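As they're listed, the protein sequences go chains A and B. All residue numbers for the first sequence refer to numbering that gives the first Met the number 0, where the first residue is 0 and numbers rise by one. All residue numbers for the second sequence refer to numbering that gives the first Met the number 0, where the first residue is 0 and numbers rise by one.
What the hints contain is simulated information worked out from the structure, not anything from laboratory work. Note that the coordinates shown come from a computational prediction; the quantities given were computed from them, not determined experimentally. It is possible that part of the hints are untrue.
Note: identical chains are not told apart, hence a pair may lie in one copy or across any two.
[Claimed, not checked] Simulated pairs of lysine to aspartate or glutamate, EDC-like, Cα-Cα distance not exceeding 20 Å:
| # | residue 1 | residue 2 |
| --- | --- | --- |
| 1 | Lys329 | Asp396 |
| 2 | Lys56 | Glu335 |
| 3 | Lys329 | Glu420 |
| 4 | Lys279 | Asp226 |
| 5 | Lys279 | Glu327 |
| 6 | Lys323 | Asp208 |
| 7 | Lys279 | Asp117 |
| 8 | Lys56 | Asp13 |
| 9 | Lys323 | Asp256 |
| 10 | Lys56 | Asp340 |
| 11 | Lys279 | Glu353 |
| 12 | Lys56 | Glu181 |
| 13 | Lys386 | Asp49 |
| 14 | Lys333 | Asp305 |
2 protein chains.
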Amino acid sequence: MKPEAASSLLPSIDGARLWASLMDLAQIGATPKGGVCRIALTDGDRAGRDQFVAWCKAAGLAVRIDEVGNIFARRDGTDPAARAVATGSHIDTQPTGGKFDGNFGVLAGLEVMRTLNDQGIRTRAPLEVVVWTNEEGSRFTPVMMGSGAFAGVFAPDFIRSQKDVGGATVGDELARIQYRGEQACGDVPGGMYAGYFEAHIEQGPVLEDAQLPIGIVSGALGQQWYDVTVTGMDAHAGPTPMPLRHDAMLASARMIDEVNRIALAEAPHGRGTVGYVNVKPNSRNVIPGAVSFSVDFRNAAQDGLDRMDAAMRASFPAIAAGCKCDVEIKQVVKFEPCAFDAACVSSVRQAAQELGLAHMDVVSGAGHDAVYVAQVAPAGMIFVPCKNGISHNEIEDALPEHITAGGNVLLRAMLAMAGVESRG
Amino acid sequence: MKPEAASSLLPSIDGARLWASLMDLAQIGATPKGGVCRIALTDGDRAGRDQFVAWCKAAGLAVRIDEVGNIFARRDGTDPAARAVATGSHIDTQPTGGKFDGNFGVLAGLEVMRTLNDQGIRTRAPLEVVVWTNEEGSRFTPVMMGSGAFAGVFAPDFIRSQKDVGGATVGDELARIQYRGEQACGDVPGGMYAGYFEAHIEQGPVLEDAQLPIGIVSGALGQQWYDVTVTGMDAHAGPTPMPLRHDAMLASARMIDEVNRIALAEAPHGRGTVGYVNVKPNSRNVIPGAVSFSVDFRNAAQDGLDRMDAAMRASFPAIAAGCKCDVEIKQVVKFEPCAFDAACVSSVRQAAQELGLAHMDVVSGAGHDAVYVAQVAPAGMIFVPCKNGISHNEIEDALPEHITAGGNVLLRAMLAMAGVESRG
């Protein structure tokens, strides 16, 4: 059977139902400006989890909870020996978050299950939809806590001992909202996933700019973050001639421009951002004596990150010296670059092609649960555009046709890996 | 009589006495770190004024107060028709100010009077020492309030209606500390001053850098201050490729470097400073969507300030456009450049030469009371070095030999203008 013929046998998801579920879930923690506030392990998170679990049970899925609160909803396959094919994301949000970040991936997975139920399709391998605990990290650090624990990056005891600013621990809050489960982190009935696919809004402008509905995510950029401190000497703006200044702001301005040059030299995947700047004493007529700022470097490969690091360390001291200042550079965060599984990436691409959906390969600039899952299982991601590339914002938005397209790509990629055994 | 012979007849001030008075006055409002907090029209300012007035009375001077609290202490001359030669400065300080800023000029003037008393010298013209109200402007705006009112720049009613953050007015506070006088602003018995000389610490690093004890101040830089607002678009640092950014911080960094280039093109008197920067949202992994910053341009002549203004207005929009941002420039402060009276400047230079004191011509980068007085009377200034050029700081410091040198230059310049009639 040719692929065209095979694909014509496969169903489509119910885009209207997926959209309605997104809107329903967004009512839990809805904000006046149209966003969602459903911070990890709060009562709002519990209500969202309860809704998801109720939907899963209504769809006949078997729900398990692990020891850090990750939720797994399984639809059995026909082959008891087959390892499951999974999908998922998160439903916790930023304090002023949107309706789609995370929620789209979770509910697209649920919609896949519902569609298979409607069509009476049985798969060879079991399927699972996962809700990962605390992806956002806005209340408890580290970010991507649940998927990181699942992948063995963080010990469950470490995770449960993490505190919010009020001193409440993850363990206490899991117990309080009744989502501390029995399953050990990383345990999967029948063995680790054969594959994991995560659908997500892009959270950036690339797909919208290219006017394409689907991004085939080949991996995620590595990240290295720094604190930079430039020290000069405060002095009055009036009586201090230019040649006698130790101007920490001028030195910092040149470094900020240099961060941009360093990133441009690593096109297309190099990124360099100075998002935070603190000036002392920050008075109009005083030459700044001290400026601290952040540097966020990202690149698709570690050697690229190494080049960016080296370029910064080579240039900043010279820039500082040119302004009679000193500079200190301290690395504060590191995430390795991630390349998704070639077969998973191909599955996603083939699904988009079969559906006739225009697409491009993209690299995720942000971290996602799939990046941690990729450390223990073959993984891939599907991006859909979001309006103006805006996310982590109450005005986050996406088009129904893109949500539907992403759901259909997810369905096909999962079925291609799990195998279709029979249709009702 | 040759100048050398004439000068040898003139006395020297008592440097130790001047230093002791500086240290005594610094006890009023002394801070634990060795500085002074004597903010305008507070109880501390009253105590400082009372001490000055007591010293003046002990020196036989006649004290008058004007309607905005300026204090005038006169030593009569022999010629009833001669207009007075004046000196002075201020004794209010910044909240964490030093012992010398302002106080040096006032007490050097008092020391001139004491020296003439000791030597039994009578001058042809009367001499006056003036304490100007609220030069610093840290409690009440505008700065240089007393001298500005004296020069007719501000109406006395306007000055008296100015409020501090607690709502107290200058008028109320003058009455409360009993320094609201009868003399009309700008009135001087016998007519406006024939000349005004103000001794002051440099508040900058030029004299120290040149290792010279005396600065002949030829004028004061004009100032134009601006608020600049750069608007881009907030976006996540990760998912937003470099070419799709609207990075308000990158644009601002390039503008800050441009401010420096504009000032360097106007060497030696052009100055350009960005002292205040505010970044939104100021988060490490968010490309800044809005940055506002201050620009402080100074130059010795208005055409230079005009060129700086034009260069900024020509370059900033192009820099903004290069980062897909918009920019708004708003001028918020303007002080015209000031050239001191040629004869007064010569008098100061000649005094330094006669004393064999190494000196250089300098332009004041900051505003001083003398700049306002120069609008109504011939004026000049004498600078002495301060340690590391630091002022408006509790660690402000100066060397006794420089304080003495400045006092002697002041004495000679005043006597040259007032005329020595007789010696006891």
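Hint by hint, here is what the structure shows:
1. Lys329 / Asp396: neither (37 Å within a copy, 36 Å between copies)
2. Lys56 / Glu335: neither (38 Å within a copy, 78 Å between copies)
3. Lys329 / Glu420: neither (55 Å within a copy, 71 Å between copies)
4. Lys279 / Asp226: both (16 Å within a copy, 18 Å between copies)
5. Lys279 / Glu327: The answer is within: 16 Å in one copy meets 20 Å, while 24 Å across copies does not.
6. Lys323 / Asp208: between (43 Å within a copy, 15 Å between copies)
7. Lys279 / Asp117: neither (63 Å within a copy, 49 Å between copies)
8. Lys56 / Asp13: within (19 Å within a copy, 97 Å between copies)
9. Lys323 / Asp256: Answer is both: 18 Å inside a copy and 15 Å across each meet the 20 Å cutoff.
10. Lys56 / Asp340: For Lys56 and Asp340, neither the intra-copy (31 Å) nor the inter-copy (92 Å) Cα distance is at most 20 Å.
11. Lys279 / Glu353: neither (58 Å within a copy, 44 Å between copies)
12. Lys56 / Glu181: within (19 Å within a copy, 90 Å between copies)
13. Lys386 / Asp49: The answer is neither: 29 Å in one copy and 69 Å across copies each exceed 20 Å.
14. Lys333 / Asp305: Within. Shortest intra-copy distance 12 Å satisfies the 20 Å Cα cut-off; inter-copy 49 Å does not.
The earlier numbered hints that this structure contradicts are 1, 2, 3, 7, 10, 11, 13.
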